[in-house]
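Engineer: Residue 2 is where the sequence shown starts when you use this note's numbering, and the numbers rise one by one after that.
Rather than coming from a laboratory, the hints here were simulated on the basis of the structure.
Do not take every clue at face value.
Computed cross-link-like contacts, BS3-like style, restricted to lysine-lysine with a CA-CA straight-line distance of at most 25 Å [said to hold, decoys possible]: (1) K14 - K87; (2) K13 - K87; (3) K51 - K13; (4) K51 - K14; (5) K87 - K51.
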Amino acid sequence: MPEHPEFDRAGKKTGLQVWRVENFDLVPVPENLYGGFYTGDAYLILNTIKQRSGALQYDLHFWLGMYTTRTKDTCRRICLIFYCLKFRLGIITVICALT
Numbered sequence: 002m003p004e005h006p007e008f009d010r011a012g013k014k015t016g017l018q019v020w021r022v023e024n025f026d027l028v029p030v031p032e033n034l035y036g037g038f039y040t041g042d043a044y045l046i047l048n049t050i051k052q053r054s055g056a057l058q059y060d061l062h063f064w065l066g067m068y069t070t071r072t073k074d075t076c077r078r079i080c081l082i083f084y085c086l087k088f089r090l091g092i093i094t095v096i097c098a099l100t
C-alpha cells in the first residue's frame with residue numbers, strides 16, 4: 002500500500018481539507034483558495050465531522066476537471082491515491098464526481 006506524508010495529516014481535525022493532485026503528488030490547497038477549482042486539475046476533498054458519539058466521520062470526494070488528462074494511466078494513479086487515503090481513513094461511503 003503506497004504511503005504519503007499527507008495521509009498522516011488527513012482527518013486529524015474537523016473541517017475541510019483539499020489537495021490538488023500535481024504530478025501524482027498530493028499538494029495541500031490553502032484554505033483561502035478553497036472553492037476555486039481549475040478545469041485542468043484533479044483534487045481530493047475530505048470533510049471530517051465529529052459525531053455526537055465523539056467518533057469522526059469522513060466524507061472523501063475526488064474531482065477531475067473537464068480538461069484533466071484522462072489517460073488510463075492518469076486515472077489509475079489518481080484512483081490509487083484516492084483509495085489509499087480511503088483505506089487509511091477506514092472510509093466506507095465514497096462519493097465520486099467526474100465533470
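Engineer: Taking the hints in turn, state whether each one holds.
Structural biologist: For each hint, the structure was consulted:
Between K14 and K87 the alpha-carbon distance is near 16 Å, which keeps this suggested pair within the 25 Å criterion. At most 25 Å may separate the alpha-carbon atoms for a hinted pair to count; K13 and K87 meet this at roughly 14 Å. Of the supplied pair hints, the one linking K51 and K13 holds, its CA atoms being roughly 11 Å apart against a limit of 25 Å. About 9 Å separates the Cα atoms of K51 and K14, which keeps this hinted pair within 25 Å; it holds.
The hinted pair formed by K87 and K51 meets the criterion: a straight-line CA distance of about 17 Å does not exceed 25 Å.
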